[in-house]
Every structure is written in C-alpha cells, then in structure tokens.
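Novice: As a plain string of letters, each chain reads:
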Amino acid sequence: MTNEDIVQAIKDIIITIAPDEEVAGLKLDVSLRDQIELDSMDFLDIVMELRKRYGVNVPEEDYKELASLQSCVDYLAPHLADKELVAH
Amino acid sequence: MDERADAIVIGAGPAGLAAGIRLAQAGLSTIVLERHWLWGGLNSFYKLGGRNYDVGLHALTNAAPKSARKLPLPRVMRQLRIPLEALELGEQLGSRTVFPSVSLDFSNDFDELASQVRTKFPACAEAFDELARELALSPHGVEEGPASTRTELLRRLGDELLVDMLMHPLLWYGSPTAHDVSWSLFVVLWKSIYEEGFARPRGGVRPLLKLLTGRLREVGGTLRLKSGVQRVLHEDGRTQGVLLDDGTVLRAPLVLSSAGYVETLRMLGGTFAERAATEPVGTMTFVESCSHLGQSAPSLGFDKTITFWNHSERGIYAPSTPAPFDARSGVLCIPENYRSQDPEPEGVLRTTVLSNAAVWEDLEGEAYGAQKEAAYQASLAAVSTFAPDPRPHVIARDVFTPRTITHFTSKRAGAVYGIPHKVDDAASGVQGLHIIGTDNGFLGIVGAMVGGAGVAAFVAAGAQGQEATP
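Those protein sequence lines, which keep their order, are chains A and B. Sequential numbering from 1 applies to the first sequence in the numbering used here. Sequential numbering from 1001 applies to the second sequence in the numbering used here.
This list has only true hints and no planted wrong ones.
Ranges of calculated distance between the beta carbons of each label pair, as one might list FRET restraints:
#1 A:37 to B:1217: 22 to 30 angstroms
#2 B:1367 to A:20: 52 to 60 angstroms
#3 B:1275 to A:20: 45 to 53 angstroms
#4 A:36 to B:1274: 46 to 54 angstroms
#5 B:1111 to A:20: 25 to 33 angstroms
#6 A:20 to B:1049: 41 to 49 angstroms
#7 B:1123 to A:24: 54 to 62 angstroms
#8 A:11 to B:1388: 52 to 60 angstroms
#9 A:29 to B:1139: 24 to 32 angstroms
#10 B:1109 to A:59: 40 to 48 angstroms
#11 B:1178 to A:36: 39 to 47 angstroms
Simulated from the structure, these hints should not be mistaken for lab results. Idealized CB from N, CA, C, for every residue including glycine.
Start from the sequences, fold in the hints, and give me the full structure.
Specialist: Printed below as a string of structure tokens:
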C-alpha cells in the first residue's frame, strides 16, 4: 500500500465509525482528536478495524502512534507494505 | 465435537444484544444465548388477549439529540452503528413528582425543574442552582463521592421535603437499595433523567429490539433462543465456555453474562455457587400493571407522561414488607404522552407500586390471585387521587408480581434493579467471564446498552480473535 492508500484506509475506517464526520479535509499532521470528535472507544474501534481489515495488531502501548494521519502512516507503513487497500 | 466461538453472551436483553453487536463488530465469532423463547430480557414484549404489551419500557432515559455526541445515548448508538434517528424517539410531554402538599414538574428542559424549585422552595433556590451547575459540569461517571446521597443533599439544600422530592423519581428509576443511593449513582440518575430526560421509541420496545437483533445479525452475530445456560465451564480460573440446559457444550474463552451477578455465580458451580447462597439479593421489586382503556388516556384527562407519586409526608422507597405491596409510593406512565407516537385504538396506562418478593413466594392459587387483584385495585385507587379515575375505562389489563418477573427473567427475587453493591469492574472471579447489565452498575435500557457495549469493546480489544466472520 502506498502512503496515500494508508491515509485512505484510515479515512475509510473513520467513516465507518463516525459517519457524520467530514474526512475529506482532514490535515495529515494535526491530531485527529483536534479535528474531529473521536473518543477512546472510537480509537479502540479504529484498532479493531485495522485488525479486521488488514490483520494488523496494534498493542495498547502503541495506540498513541495513531494520533494523526501522518503518524498513522509512519507507524503502519511497514505493517501494510504488502497489503491492498480494502474496498469499503 | 463441541461447537466453538470466540465469544458467548448470556442474555438477549439490551445489555447482551449491545455486547453481542460490539463483539461481532470486533471480528469475534459471537453467540448470544437467551433462555426464553423471546429476546428483550427485562425489556421484552408479549401478546395477551390479542393485545401487545411491553414488559418493562416506561421511558428511555438520556434523551439527547444526535449532535450531543458525547452524551450516552447518541454515543452508544454510534458505537453500535445504528442511526439514532432509526429509534424514532418521541420526547416526553412532561412529568411530575407528586407529594401530599406539593408537586414538582419536570421535562427534558432542565429549566422547568429549576423554575419549579425556585417557585416552591424559594429558600433553597440558590443552593439548588449551585448543585445543578456542579452536576451539569460533572461527567456521567464519577468514581468518588459520599455513600449517602440523602445526607449530602440535605447538607447542601437544607430542606428534607425538597430532598425527598428530588430523589423520588431517581430512586424509582432506579435504585437497587431502599431509601438512598450512592452519590456516584445519583449523578448518573440526575443527568440521565433531569438533564437529558425521557423519550419513547415510536412503537415502544419492539422496534428498538428489532434494530438491535437486526444489527447483531448484520455483523454476523448469532442469536439462539430457548438456549438457557446451566453452567459456565471453567478450568484453572479460566473460562472454557458454557453448558446449555439441553446438554450442548459451547466452547469459548470469553463469556459476557447479563444474567445477574449471583445468577452467574450459581452457573459457575462449586465454591462460586456456594458463595452465591450468601451474596446479598436485591430487595427492590415491584407489582406492575398495564391497563388498556376504552379511549385514549389523554382524552380522559391524563396529561403527564410519567408521574411519581408519594402519598406520605416523607418519601417512601423501600420493600413493602411485611405487606405484599405498598401503593403509597408508585409510578404512573402514560405511553401516549410522548411526542410522535402512533395513535393507538386503545388508551394505555401503566402503574408500578412497591412490593417485596418473599411474601409472594408463600402465596398460592386463589390467595395469590386475590393479592394480585388487591395490588392492582390499590394502584388505580392511588392514581385516582391525583389524576382521573381510570377504573371505569379499563377494558383489559395484565398485572405482574415479583414472582412473575423471576419466572420470565430468572432474576432472583424479581429484583429488576439488581444487587445492592454493583460489580463495577465486571469481574466474576474467573478470567474471561464478565458481568454486564444491571449488576455491572448500569440501569435502564440505555444504561444496559452503554454498559454491555463498553465491556464488550474492552474485552474485544484484549482478545486475540480468530478470523473475522463474513
């Protein structure tokens, strides 16, 4: 997956979890929680969807790596290198 | 070869269904088991004499718009991925607490209660406003606080009658303990009832349950009815699965039980079941009735949604022991008095009065029937003192006692509000077995869904799931 795909993958997950949020204009390097309303349960859901869709297991101590779209890309790139963007 | 799943949920009421949905959403193969042939648990539904009855639903608390994203109801619907608007909630028209010399009206607009207190208890107005401000800023979940709300409120407000009246609907909504609640529970009840308020799904509990069972199915969860659990199997302190009444074994490392803490201990067998015998039982139970009227209740002059009455100088909320019922304190609910309800051919009127379980255990046959009738008549007589007399208009009714409740839901002593000391951490003493629902400290339909979804999300995040189900 390219970095753009990873961003899209996260946006797709956010759309599933929080369908009322506007994901199109999300800034890459600003924390997600500063841009849209995501609480700790939502982050758990993001972690779950990553596991379901891409088989990636994010341990609890790494949750902070998912703070922004850019940090998601940095953290997930090695795990998603050989995966395809899941259509949703 | 025993059947296997990633997760089992015991009980298909709101807590179990919400938990099942979240577990399945997390990619765990999930089976929800229900003893009864119908789902809904304490909030099920049934048909009698050709009429539809809801078992429990008087109101959904925590009424809030979708935009109030952090509030419990919009939040849990988002977590279940069911649109809030699908519930088609109609807000209450307005409720009332009635004591002998004064009443307090309240609605989903908090200011109505505030202005009532200002008018009727002017000496307490400032203290009340300060309390209200503080509670408005408080989150729903507060860990700390006094054990006695009554003492704390009296200290702050200085008027026993006002304290009784403010607590009355909250206790009824309710409290698992007589007379008083912990501050942490009080905060939840205050916010859920006074700040957020009451609403009713269009059509009652049935459509709500349909959304839950539908969503469970949609995410690949299974619901099995007539599948009572006899035993929760465990070995070396770890959950192995369940044994059903019919002898089937279902293996799973995760079991979430909404059957009740003590009921679940019994299912564990051995020393756990022995402990169950000494665990305190919930003491608060009730006699409930649902009457169908020959014309709509509003047309007869019933204009409030829910009325919490108390025909005594001091507030009464306690078991009716030694009497089988105590109609001095009770709740009147008029389902038609919510907005956006479908017009029904017949009026409906629900009452609830105080009771106690032990007395009903000893009544048999005619004596049981006679006391049931007496409780029903006393309920309606009590209603007639502050509202129109419904008795000439009743064309059908159903009444249930604590024994009825236990019979259909397996809740010990008909304790619909569960045990007095909640299992806040959902721990059962066996790894992989978690307590959800009323005994986990969550009350009402919304509470049950919030609690079930919350525990499920927490355990699913820790679980190593098998392949996601399609």
